[in-house]
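*Asks:* Here the structure of chain A is known, so what remains is to put chain B in place on it, guided by the hints.
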Amino acid sequence: MNFTHKRTTVAFATAAIAVGALAGCSTSDGGENASGSADAPGGTYTWWDPYPQHTEGSDWQNRVQACGDEAGVTIERTAYDTTALTNQLLLSAQEGTSPDVVLLDNPAVSTLAETGAITSMDELGFDTSNIDENLLAAGVVDGTAYGIPIGANTLALYYNAEILDAAGVDPSTITDWDSLNAALEAIDAAGSRAITFAGIGTEEGSFQFLPWFWGAGADLTELNSPEAVEAVQLWVDWLDNGWAPQSAIQNSQNTAWEEFLDGQTGFVENGTWQVNSAAEAGFETGYITLPAKDGGAAPAPTGGEFVMAPVQSDTARYDVTSQIVECMTTPEGFVETANTFAYYIPPTADGQEAFLEEHPELSVWVDAVRAAKGRTSDNLGTDYPLISEQLWTAVQAAMSGAMSAQDAMDAAQDAAVAATGE
Amino acid sequence: MTTTELDAVSTTEDQAPTPRTRRSWQRTIHGSPWTAIAFAAPLVIYLVAFYAYPLMRSVDLSVHDYNIRAFVQGDAEFVGLANYVDVITSDLFQPALWNTFLFVGVSILFQYGIGLALAVFFRNNFRLSGVLRALFLVPWLLPLIVSASTWAWMMNSDSGIVNAFLLAVGMDPINWLTSPDWSLTAVIIANIWLGIPFNLVILYSGLQNIPGDVYEAASLDGAGAWKTFWRITFPLLRPVSAITILLGLVYTLKVVDIIWIMTKGGPANSSLILSVWSYREAFGTGQPAFSPASAIGNLLILIALVFGLIYVRLQSREEH
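These protein sequences, in sequence, are chains A and B.
When the letters of the first sequence are read in order and numbered with full-length UniProt numbering, they come out as residues 1 to 422.
When the letters of the second sequence are read in order and numbered with full-length UniProt numbering, they come out as residues 1 to 320.
Bound-form chain A, shown alone (with noise of 0.2 Å):
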């Protein structure tokens, strides 16, 4: 009997220790090292990004490797998603086996610098001054860069131009908030859906609410103010009103943009980045850019990576990796990085002169690249994403019914300044 008992509680110890082990969620597997740091130049060069969908032997994995052949050495890719890329830099740069380069979401840059764990762009010999202040503002803490956009993409208001007509809705008219709602009020009585977006309760929605919070006058160091209430209520009126979808407020941009290319709505919110798709829907569509609460083109948050360096304990491999950066940074490499992926442009006068080019289409896309903000900039840096966290909660809240949108933000902005210390 007392052996039962024994055995029963060692069973027991044993299951609890495994929630421990799940919940608890301490370490993790150290992910693909191999920076191998003993190798002489000529060797291996560790690269990792977060574009999965470009596998082994397409146009982005050989564009690397070019990079690579010209500095004379070997680049071993490694893909992650953008989340786990963050995460693994993080254990990396703690055990000390960090990738030679890595491209990295331009938010989670100030992040990473803050570590001690990148090299700065001046260590390696870099001169920044010519890239847009604006789109390089997420990569500079106290003054110092450390990294350099590969590109720039940024959001925008795609349109079904059948429902739009159908309505007697002209998308040039739209050039503020009020001219905006007339818009979707009409798309409504002609039966349509007027309007969907992605407030996900993650850093996306806040990409996503971010152009109609500064559009209204906001900032992020106040986010009760009236400015950013009326920009919660714009969206909160659009679900009352039924203009909206409701699952707008779990939606992820992948998910607002497949409801659209339903094609029973009439506008979506979406990302540069999704003009072939656009182009290839099985209805006419177009784009404008994102208006402002009193007219003019909002401030669209910048999205897009940066390539940057991480420390080394064998300074001698910095050499190579500034022939890399160096390869992906010049106007033709922006340019060719720009055609690699679909509209991504480049972040230099020089390079957006040379692209423009090539396509001269796009500068539309060009114009709303040079207006949009950095997401850290206004030397928010770290403080962003904790921001950011109660941004995005609050948002839902008040679009899901929970509070009210003054309530919300109210809430947001105490917990934003007991978070960020303030």
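Some clues are possibly wrong.
Said to hold, decoys possible - Label-pair restraints from in silico Cβ distances: (1) A/Asp407 / B/Gln208: 51 to 59 Å; (2) A/Gly116 / B/Ile88: 31 to 39 Å; (3) B/Asp60 / A/Gln65: 50 to 58 Å; (4) B/Val79 / A/Gln65: 43 to 51 Å; (5) B/Leu141 / A/Glu332: 48 to 56 Å; (6) B/Leu141 / A/Asp122: 28 to 36 Å; (7) A/Gly421 / B/Ala49: 33 to 41 Å; (8) A/Val364 / B/Leu132: 55 to 63 Å.
It is worth saying that the hints were derived from the structure and are not from the lab.
Ideal Cβ positions, reconstructed from N, Cα and C, are used throughout, including at glycine.
*Replies:* Below, chain B without anything else, positioned relative to chain A:
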């Protein structure tokens, strides 16, 4: 299985120092304590590497202030129980705890109830009962990402099949995943569906161990189906039921994936349970906060521990 080995090992070690064993050791190498250690080593190494170390690391993370800089540099400041205090005094703690309680309690109640009903139903073999039983295992076989995404589609407010059905029978559609009043219910329903096969399988095998002559005797005494269930099946199944419920509890406490895929704990934290909160702190935002995350994780272990002790207590009382 592991537990029996453990016991066997500890018994050998206990005996090692006694003179009788030492004599036998001189006769043959089989009694050597080193042999015992060598046999135990793989298990001990396994336990240390995969259970003790992660647990220790989790505690270590939770008593330090690991921001990402400290995580990389390895120079986190020791803060004692500050992370636990922060977590417990957080505005999110009470709702998350209550949601966890509801999520686990309601899930287990229905999983066990439906699982038991099905197990009793399948006890009487009938044509196609094997096929039907196999079909009930489907939720178990599907990858979670598939079943959770499918539930999310079905419960979509605008184009989901559940709302289409509600409309067809003349009821108002429900915003399953986007209303703070319903999101917890939605994830509980999906979780119940997932947990039924587990309960069915264990309870069904428990039923196989109840001797048929007990039922025969009961029927001779004129007991009806209802009486047979309450007087024979249910009491004789009690030990199996207890372990089923304990395991279900442990499994349900640590559920992250299904909620993360369906609602991410939202909207407005209405479907946030402790495990999801822990995951979100660590991996769900742009600013990983490992210390509070592991503090929440360790609190979950404590909760599981309490229920485990209650179970052990009930077991021993039953045996005496």
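*Asks:* Using the Cβ atoms, figure out if A/Asp407 sits within 51 to 59 Å of B/Gln208.
*Replies:* Since the Cβ atoms of A/Asp407 and B/Gln208 sit about 57 Å apart, the hinted range of 51 to 59 Å holds.
*Asks:* Quick one: are B/Leu141 and A/Asp122 within 28 to 36 Å, going by C-beta?
*Replies:* 56 Å, violated
*Asks:* Taking the CB of B/Leu141 and the CB of A/Glu332, does the distance hold inside 48 to 56 Å?
*Replies:* 52 Å, holds
*Asks:* Could you tell me whether the CB distance from A/Val364 to B/Leu132 stays inside 55 to 63 Å?
*Replies:* Once the Cβ atoms are compared, 60 Å apart, the range 55 to 63 Å for B/Leu132 and A/Val364 holds.
*Asks:* That 43 to 51 Å hint for B/Val79 and A/Gln65 (C-beta), does it hold up?
*Replies:* 47 Å, holds
*Asks:* Regarding A/Gly116 and B/Ile88, is the given constraint of 31 to 39 Å on their beta-carbon distance met?
*Replies:* Once the Cβ atoms are compared, 32 Å apart, the range 31 to 39 Å for B/Ile88 and A/Gly116 holds.
*Asks:* Is 50 to 58 Å a correct range for the gap between the Cβ atoms of B/Asp60 and A/Gln65?
*Replies:* Given a distance of about 42 Å, which is not inside 50 to 58 Å, the answer is violated.
*Asks:* Return holds or violated for the Cβ distance of A/Gly421 and B/Ala49 against the range 33 to 41 Å.
*Replies:* Since the Cβ atoms of A/Gly421 and B/Ala49 sit about 38 Å apart, the hinted range of 33 to 41 Å holds.
Checked against the numbered hints above, the structure breaks hints 3, 6 and satisfies the rest.
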